Every structure is written in structure tokens, then in C-alpha cells.
Amino acid sequence: MNTSALIMFLVGATMLWGGLVVCLIIAFKKNKNGNNSAENPAQEQ
Amino acid sequence: MARDQWGTRLGFILAAIGSAIGLGNIWRFPYVCASNGGGAFLFPYFFAIITAGIPILILEFTIGQKFKGGAPVALGKMNKRWEWLGWFQAAVAFFIATYYVAIVAWAISYIGFSATQAWGADTKSFFFSQYLKLSEGPLNLGGIQLHILIPFLAVWLIGYVILSKGIKNGIEKANKVLIPTLIVLTGVIVVRGLTLPGALDGLNYLFTPNWEMIRQPQVWVAAYSQIFFSLSIGFAIMIAYSSYLPEKTDLVNSAFITAFTNHGFEIFAALGVFSVLGYMAGTQGVPVAEVAAAGPGLAFVVFPAAISALPAFKGTVGVIFFTTLVFSGFTSFISIIEAFTTGVIDKFNLSRQKALNLCMGCSFVISFAFVTGAGLYILDILDYFINNFGIVLGGVLEVILVGWFFDLEGLRTHANRYSDFAVGKWWTYMIKFVTPLVLGFMFIQNFIQNIKAPYEGYPLNALLMIGWGAFALCFVFGFVFYLMKGDPSVMLQPGKEEVSK
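Order-wise, the sequence lines are chains A and B.
Using the numbering used here, you'd call the opening residue of the first sequence number 1 and step up by one each time.
Using the numbering used here, you'd call the opening residue of the second sequence number 46 and step up by one each time.
Everything labelled a hint here was simulated from the structure, so no lab data went into it.
This list has only true hints and no planted wrong ones.
Using 25 Å as the maximum straight-line C-alpha spacing, the simulated BS3-like pairs for lysine-lysine come out as follows:
id: 1; chain 1: B; residue 1: LYS293; chain 2: A; residue 2: LYS32
id: 2; chain 1: A; residue 1: LYS30; chain 2: B; residue 2: LYS293
id: 3; chain 1: B; residue 1: LYS213; chain 2: A; residue 2: LYS32
id: 4; chain 1: A; residue 1: LYS29; chain 2: B; residue 2: LYS221
id: 5; chain 1: B; residue 1: LYS221; chain 2: A; residue 2: LYS32
Computed from a prediction, not measured in an experiment: that's the story for all the values here.
Modelling step: build the complete structure from the supplied sequences, incorporating the hints.
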């Protein structure tokens with residue numbers, strides 16, 4: 001695999017699979033803490 | 046009548062993923078990516094996920110969960126006149142269901158053919174002449190093909206049994222089995238593909254970036270189209286599925302997980318598809334571009350030829366590849382049926398069984414057109430028009446009406462109530478500005494293109510009867526069902542507190 005193709009694959013995989021892993025970690029953490037509310041406006045981006 | 050509910054959050058997410066992961070993830074994305082800048086395409090693609098895919102998914106999850114109804118009832122509760130749009134979207138889903146079942150049936154047949162590579166050396170003539178027995182044109186039906194009828198009836202029957210069992214015991218259980226299995230089977234194809242000689246040539250073709258191309262507007266339109274069509278948004282499915290969510294449930298993170306899994310799967314499947322194509326190109330001594338294809342051509346012509354060319358495990362790889370097509374298509378098929386069935390259950394307060402008999406009965410009868418010798422032609426025309434006009438128009442009207450004529454901030458607050466993390470104000474801007482602009486542009490561009498030249502050179506009368514005709518019927522269905530009197534106990538007149546602006 002040429003370098004530019006490999007880099008692009010890694011970038012794409014990181015964006016999508018990395019994004020998924022982050023979301024899953026957040027979901028598991030919230031689930032574990034039993035805290036399922038984001039009502040607090042301070043949490044808003 | 047108590048409204049059915051998902052048993053677990055995981056069950057809902059898997060069902061939403063099952064709906065989003067369809068045939069297009071396997072046979073459309075790799076080709077779109079390779080022909081629109083390769084690796085460079087991933088940037089507009091990711092940008093489109095963040096600016097359109099995820100915002101619309103959050104919007105639809107929120108509408109369904111807040112208003113506890115399929116698209117017609119949920120939109121009708123937001124504004125009585127918008128119920129029409131919900132029925133329009135449900136009609137779009139209805140037409141898609143009629144032909145989607147045929148493709149799943151073809152894939153089932155091909156599982157059987159894979160064992161002995163029954164397609165022989167000329168996979169093209171096997172598919173078009175021997176299997177489909179393609180007639181001379183879309184208006185020459187050529188009779189029912191009995192050999193396609195058996196898998197076709199099997200898909201309908203299994204779909205009917207699963208949907209009859211309801212949300213928790215039917216759709217949720219089916220997806221909990223089918224989606225993990227689908228991912229594992231795709232993994233097997235990817236591993237087999239990557240271990241073939243020439244696989245890297247395929248991946249080089251797929252991922253080598255062509256930076257010049259991302260300056261071209263059509264590449265960005267291709268990225269937004271891929272995201273929009275891939276996520277099952279704009280045609281009532283996600284609103285129907287989320288209407289069965291309990292009150293205290295995460296919406297925002299579930300939308301992110303659904304979108305990332307769907308698009309992550311696309312990249313994953315693309316590895317398998319293009320490594321096999323790279324191997325095939327190597328055995329034929331031609332460039333990968335010459336064997337690259339999309340749609341039924343990739344699945345039923347190119348891939349069988351690639352399977353025949355494999356050095357070992359031909360039957361196993363064939364069975365696994367077509368099983369992944371069946372699973373990805375089937376989980377989408379049941380979600381498409383559920384999209385319009387939920388609307389009927391809600392408005393007329395019918396039992397699930399009665400609504401299913403009615404809805405599946407009607408689509409079952411129409412779907413026979415796709416088991417005839419003209420099935421592929423009709424499917425091609427209907428798929429093109431329903432996707433490019435029906436889904437896009439349904440989507441653009443939804444984001445304009447809800448974005449500009451409803452309390453979008455109220456919906457954002459609702460979405461954030463029990464979510465793992467809150468969605469910020471950027472979401473409002475995406476729904477109000479970005480998504481209407483992009484979808485509106487896509488609709489107008491498709492419209493002008495079709496006025497200039499008839500789609501794929503089909504006869505004008507066939508395009509009018511099948512393509513434009515089905516699109517027009519979506520409007521008719523929309524108005525007829527909107528005007529029909531619903532059950533008074535679930536009347537669509539919402540409480541005043543639910544109406545905004």
C-alpha cells in the first residue's frame with residue numbers, strides 16, 4: 001500500500017472508528033454512574 | 046392500547062444501525078469513494094457526517110421520541126398540516142419496501158449458487174439472461190420468474206413473522222442477532238481479501254488521494270448524498286423507531302453511535318470489497334478501475350467472477366459475502382416496513398397484526414412486479430426516482446418546516462434532557478441553514494438533470510409511468526391519508542402546549 005493511501009485510510013479509520021470508541025466510552029461511563037442527564041446547561045458546548 | 050417499547054438502549058441502537066447499514070454500505074460507498082477523489086473524499090464525507098448526517102439523525106430521534114408517533118402522527122402533532130409530509134415520507138418507504146425485498150431475494154439465491162459457483166465463466170449473462178431472464182424493456186414484463194419467487198416469498202414470510210412479534214420481541218431480537226453476525230461475517234471477507242495477492246492494488250486505488258477533486262462541487266454533493274442515503278433519514282424510519290423509546294433515554298449519543306457505526310462499517314466493508322477487486326484485476330492483468338463497479342453489477346456480476354477466481358475457499362467466501370448482503374438488506378427491509386406500518390397503527394389505532402396485514406399485503410402485491418422479467422428495469426427506475434426525488438424532497442421539507450417554523454431550541458432542550466452529552470447550538474445552525482441548502486441543491490440539481498436527459502436512456506413513457514408516477518403517487522398518498530379520519534382516541538389534534546409558532 002502506498003504511503004499516501006495508507007495515511008488516508010488511517011485518517012478515515014481514526015475519524016470514524018475513533019469517534020465511535022469515544023461515544024461508546026461516554027455511554028458506558030454514564031451508564032455505570034447511573035447519570036443519564038445532560039440537562040445542566042453548563043455541560044453544553 | 047399500550048404502546049410497544051424497546052427493551053434496552055442497545056436494542057434500539059442496534060435496530061437503528063441495522064436500518065442504516067444496508068446494501069448501499071457494501072455496494073455503493075466503495076465505488077463512490079474511489080471515483081470521487083479516493084482518500085481525499087474522506088474529508089468531505091466526514092464533514093457531511095458532522096454537518097448533516099448526525100444533526101438530522103438527532104432531529105428525527107427527538108421528534109419520534111418526544112411526540113410518540115411514527116412520522117405522520119409525530120409531524121401532525123407538531124402542526125396538523127404537517128401530517129401530510131409524514132404520510133409522504135411513509136409512501137416513499139412503502140415504494141422502497143416493494144423493490145428492496147427483490148434484491149434480498151436475489152442475494153438468497155446467490156448464496157445457493159456460491160456453493161458450486163453455478164454462475165460459470167460468464168457471470169454477466171448468467172445474472173441478466175439466465176437468472177433474471179431480463180425482458181426487452183421496462184414495459185415488457187415477461188412473466189413471473191418462479192425461481193426468484195421462492196426466496197422472494199421467504200423474505201416476506203420471515204419479515205412478517207419478525208414484525209408480528211413487535212418491537213421488543215421481534216425487531217430488537219432479530220437485530221441483536223443479525224447485526225453482530227453481519228459485522229463478524231464482513232470481518233471474514235476483509236481478512237480473506239487482505240490476504241490475497243494484489244489486495245494492496247485495490248486499496249491503493251480506493252484510498253490514494255486525488256486532492257484536485259475535492260475542489261469540485263460535485264464531489265461534495267456526492268459526499269452529502271452518500272451520508273443522506275446511507276443513514277435511513279428523510280423517509281420515516283428513524284422517527285418510527287425512536288417513537289418506541291422510553292421517556293428517560295439518551296438521544297444525542299445514540300445518534301452519534303448509530304452514525305459512526307454505520308459509516309465505520311462502510312469503510313470496513315470497502316476494505317474487503319476493494320482488496321478482492323484488486324486481486325481480481327491482478328488475475329486478469331487489467332487496472333483496478335476496469336473491474337470496479339457499484340450496485341447490482343458489483344454484487345451479482347463482478348463479485349461472482351472474483352469469487353470464481355479465488356485460489357481457495359471459493360464456496361465459503363461466496364456464501365459469506367451473499368449472507369452479508371442478505372443480513373444487511375433484511376435488517377433495512379424490516380425497518381422500511383415498520384416506517385409506514387407505525388403510521389397506520391398510530392393514526393387508526395389498529396392492532397399491529399391488522400396494520401401489518403394491511404400494509405405488508407399491499408406492498409406484497411405490488412412487489413410482484415420485481416419478480417418479472419422486467420424487474421431489474423422497474424427497480425432501477427423506481428429506486429432512482431424515489432431516492433433522488435422522494436427521499437430528498439421529504440428530507441428538505443422536514444428540515445425547512447421543523448427548522449424554520451417550529452421551536453427548534455425546544456427540541457434541542459428535549460434532546461439534551463437525558464442524553465450522555467448535550468448537543469450545542471451548532472446543531473440548530475446545521476438544521477436551519479446547512480441541511481436545507483445542501484438537500485435543496487441536490488433536489489434542484491437532480492431535477493434539472495432529468496429534464497435535460499431521460500434517466501439512463503429509458504423510454505420516456507416508462508419513466509413517466511414508473512419513476513415520475515411513483516413520485517406523484519407519494520403526494521397522492523400523502524393527501525389521501527392526511528384527509529382520512531383517524532381514531533378519535535388517538536386524534537391528531539395535539540394539546541396546545543405542543544404547538545409552537
